[in-house]
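Asker: Residue-level listing of the chains:
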Amino acid sequence: MNDFKVLSRRTFLGSSAALAGVSAMGGVLGAGSALAQTPLTVGFIYVGPKDDFGYNQAHAEGAAAVKAMPGVTVLEEENVPESIDVQNTMESMINFDGATLIFPTSFGYFNPHILELAPKFPNVRFQHAGGLWTPENPANIGSYFGYIGMGQYLNGVAAGHASVTKKIGFVAAKPIPQVVNNINSFLLGARSVDPTITCQVIFTGEWSLAVKEAEATNALCDQGCDVITCHVDGPKVVCETAAGRGAFVCGYHADQTALAGDKYLTGAEWNWAGVYTGMIETVQSGGTIDNFVRGGLAENFIKMSPLGPAVSDAGRAQFEATKAEIMAGGFAAYKGPLKDNTGVEVVPAGAALVETDVAIESIGYLVEGVLGSTS
Amino acid sequence: MDPVDIGLWGVPLAILAGAIRVSTPFLFVSLGECVTERSGRINLGLEGTLIFGAMSGYAVAFETGSPFIGVAAAALSGVIFGLVHGWICKFKGVNDIAIGIALMLLGTGLAYFFGKPYIQPVAPKLPSISLGGWSDLPQVQAALQVNVLFLLGAVLAVFLWWMFRSTRVGLVIRVVGDSTDAARAMGIDADRVRLLSTAAGGALAGIAGAYLSLYYPGSWNEGVSSGQGLMAVALVIFARWNPINCFWAALLFGGAGALGPALQSVGVTEGYYLFFAAPYVLTLGLLIATSSPERAMQGAPAELSITK
Chain A
-13 MNDFKVLSRR TFLGSSAALA GVSAMGGVLG AGSALAQTPL TVGFIYVGPK
37 DDFGYNQAHA EGAAAVKAMP GVTVLEEENV PESIDVQNTM ESMINFDGAT
87 LIFPTSFGYF NPHILELAPK FPNVRFQHAG GLWTPENPAN IGSYFGYIGM
137 GQYLNGVAAG HASVTKKIGF VAAKPIPQVV NNINSFLLGA RSVDPTITCQ
187 VIFTGEWSLA VKEAEATNAL CDQGCDVITC HVDGPKVVCE TAAGRGAFVC
237 GYHADQTALA GDKYLTGAEW NWAGVYTGMI ETVQSGGTID NFVRGGLAEN
287 FIKMSPLGPA VSDAGRAQFE ATKAEIMAGG FAAYKGPLKD NTGVEVVPAG
337 AALVETDVAI ESIGYLVEGV LGSTS
Chain B
1196 MDPVDIGLWG VPLAILAGAI RVSTPFLFVS LGECVTERSG RINLGLEGTL
1246 IFGAMSGYAV AFETGSPFIG VAAAALSGVI FGLVHGWICK FKGVNDIAIG
1296 IALMLLGTGL AYFFGKPYIQ PVAPKLPSIS LGGWSDLPQV QAALQVNVLF
1346 LLGAVLAVFL WWMFRSTRVG LVIRVVGDST DAARAMGIDA DRVRLLSTAA
1396 GGALAGIAGA YLSLYYPGSW NEGVSSGQGL MAVALVIFAR WNPINCFWAA
1446 LLFGGAGALG PALQSVGVTE GYYLFFAAPY VLTLGLLIAT SSPERAMQGA
1496 PAELSITK
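Chains as they are written, first to last, in the numbering used here: chain A, -13 to 361; chain B, 1196 to 1503.
Please keep in mind that the hints were generated in silico from the structure rather than gathered at the bench.
We put the CB at the ideal spot given by N, CA and C, even for glycine.
There could be a bad hint or two in this list.
[Said to hold, decoys possible] Not everything, but these chain A residues come out facing chain B in the computed CB check (under 10 Å):
hint, residue
1, Glu62
2, Glu68
3, Gly191
4, Ala196
[As the list claims (entries may be wrong)] Pulled from the structure, derived: some chain A residues nowhere near chain B, Cβ distances all over 12 Å:
hint, residue
5, Gly34
6, Pro35
7, Gly40
8, Ala54
9, Met55
10, Gly57
11, Val197
12, Gly210
13, Val279
14, Glu285
15, Ala296
16, Ser298
17, Asp299
18, Ala337
19, Gly358
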């Protein structure tokens, strides 16, 4: 039954992909045979549609850069749930299409799905975005991610200068560590401008729920939040709704300037193209990708959207200065003494969590000044 | 205009605003399903029709620059889905529920397939009427931005109620829904009535989809519907096949859906997953409260395959 389902969906997607990208694929295959390299088949798996103005689009832009490389065949499948479906997708990419490198790009694919499949296919490399690979895990699993929290910190700096009401808002999907870190970073960035600012967070409970995201944005605006950002898969609804209500918008995942116009301050964007092409080059030249890859602004894993017209000169100056500090390395958003929003001290005086600290990747608390709760 | 701190008043306001903003798709789908079910058929495919309507409405609005042409296109696509359902179901031995599920999957698949190029573009939105001009609070003004489709849906609910009660058309639909044999004896072509009723129901579901993509939340992507089409079918049973009750039920669902985000925004943050389940808990509660072990479901058309 499962096999039948996988086959029919793959056939359907295969034919639609062929229709869409017949010319591009032809070009790649032609160039590949000319160079006579060992052909490499790479699979990309997305949890949502790959043109969602958000998380999946950012990865798909990276995949598009890989597609343009010689000697590579790229397979893509979108809207794959974080369930047994992703195992079926990965297995069919391996068994039917001969993929030897797979990028399952959603957080929830890691445990248990990749962990279950990796020992069965020791010759296939599973590169997972965001998972916490530890040396106990199979060696053919890799984990990569970017320090996007730094981007949200810079969003916060821009927001801190733009906010009049001193209340900023965050529409969040699920309280996983990456999201929690983004919320904290957004507020800490804003508090580096004005320590009285508070950030109201609303969790929608799912990665993509258009109506609930719109309701959450409206509720934040009703409570007087005048700068809104989000961490959901497709920020389109949040951006358009917030700008429509007259609030400023800080983007996430990809550039949303086109959606919010003058209300767009800046945005934290992924920059996967360089990362992915680098990894493919490593494999093509016979090397192995490190199991644990991380990078930030300086390593070109993330980038910031161009500053919008509403950012003041003072805001612009502090934004650029902070950005330069982050680029220099060793920047800490979490500086002690710091309490969480229930009053418990989480970072003692004199201590700090720098950008690269692994503790941030399992963070579970919201810092003081964030109004909301993770459960 | 500076925002004013409204504190806890945000919750009732959000429920009111949510009832107006979120209820419209529920209202149109449930009215459509009400017409179809009163004629003795169940069309479970309205979720697919809704999603296809959202896609076609958005695409046509983007291509023509007019959201109203988009709504018309969505209604037309709904009619086509309805006609297909009605036509297939007239054959002997065909189960309307199974066909509905098949059409739901077909509509969703087709919408995803043809909708790909329209996820990125921004289509013109349906206009709304400001009924909040009397208030100085920007929050109240935002809450009372009422879309024309909502008002149209309210009028339609009253119209359908009147139609079923006092017109020949309404009587014909009810007769067909209650007894095919009686309808035949009266010289009514039952299949034709059901075909047209299903087409009308499809048109309304298509319009509901266009509301989602062209007004609120106001963009087309594959996750634009969170099951409104399916929930609305259940809502019809809950409303006992009465169009006026459909209106209240839709408002209730819209308002209950706004509860979760609104409570979080005023600081009630523990257990938000529970608040998100509010609409479903409410339905269960009301169904249990209004059920009776003594009598059959009131108002249920006798020819309906689930009540037969």
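Asker: Each hint: holds or not?
Answerer: Hint check:
Annotation: glutamate 62 of chain A was flagged as interfacial toward chain B, and the flag is violated, the nearest CB pair being 12 Å apart, outside 10 Å. Given hint, glutamate 68 of chain A at the interface with chain B, is violated; its Cβ is 14 Å from that chain's nearest Cβ, farther than 10 Å. With a least beta-carbon distance of about 6 Å to chain B, the hint placing glycine 191 of chain A at the interface is held under the 10 Å criterion. Because the closest C-beta pair between alanine 196 of chain A and chain B is about 4 Å apart, less than 10 Å, the hint holds.
Look at glycine 34 of chain A: its CB is around 7 Å from the nearest CB on chain B, not clear of 12 Å, so calling it non-interface is violated. Listed as outside the interface, proline 35 of chain A is inconsistent with that label: its C-beta sits roughly 5 Å from the nearest C-beta of chain B, within the 12 Å cut-off. With a least CB separation of 10 Å from chain B, glycine 40 of chain A falls inside the 12 Å interface cut-off, contrary to its annotation. Remark: the non-interface label on alanine 54 of chain A is consistent with the geometry, its nearest Cβ contact in chain B lying 20 Å away (cut-off 12 Å).
Every beta carbon of chain B lies more than 12 Å from that of methionine 55 of chain A, the smallest distance being close to 24 Å; the non-interface claim holds. No Cβ of chain B comes within 12 Å of the Cβ of glycine 57 of chain A; the nearest lies about 28 Å off, and the non-interface call holds. Its closest Cβ contact with chain B, about 6 Å, brings valine 197 of chain A to no more than 12 Å, contrary to its assignment away from the interface. Look at glycine 210 of chain A: its CB is around 4 Å from the nearest CB on chain B, not clear of 12 Å, so calling it non-interface is violated.
Non-interface call for valine 279 of chain A relative to chain B: holds, since the shortest CB-CB distance, roughly 30 Å, exceeds 12 Å. For glutamate 285 of chain A, the non-interface assignment is confirmed: its Cβ lies about 29 Å from the closest Cβ of chain B, beyond the 12 Å cut-off. Against chain B, the non-interface label of alanine 296 of chain A holds: every CB pair exceeds 12 Å, the least being about 16 Å. Every CB of chain B is more than 12 Å from the CB of serine 298 of chain A (nearest about 18 Å), matching its label as outside the interface.
With a cut of 12 Å on Cβ distances, aspartate 299 of chain A stays outside the contact zone with chain B, its closest approach being about 23 Å. Look at alanine 337 of chain A: its CB is around 28 Å from the nearest CB on chain B, clear of 12 Å, so calling it non-interface holds up. For glycine 358 of chain A, the non-interface assignment is contradicted: its Cβ lies about 5 Å from the closest Cβ of chain B, within the 12 Å cut-off.
When held up to the earlier numbered hints, the structure conflicts with 1, 2, 5, 6, 7, 11, 12, 19 and fits the remainder.
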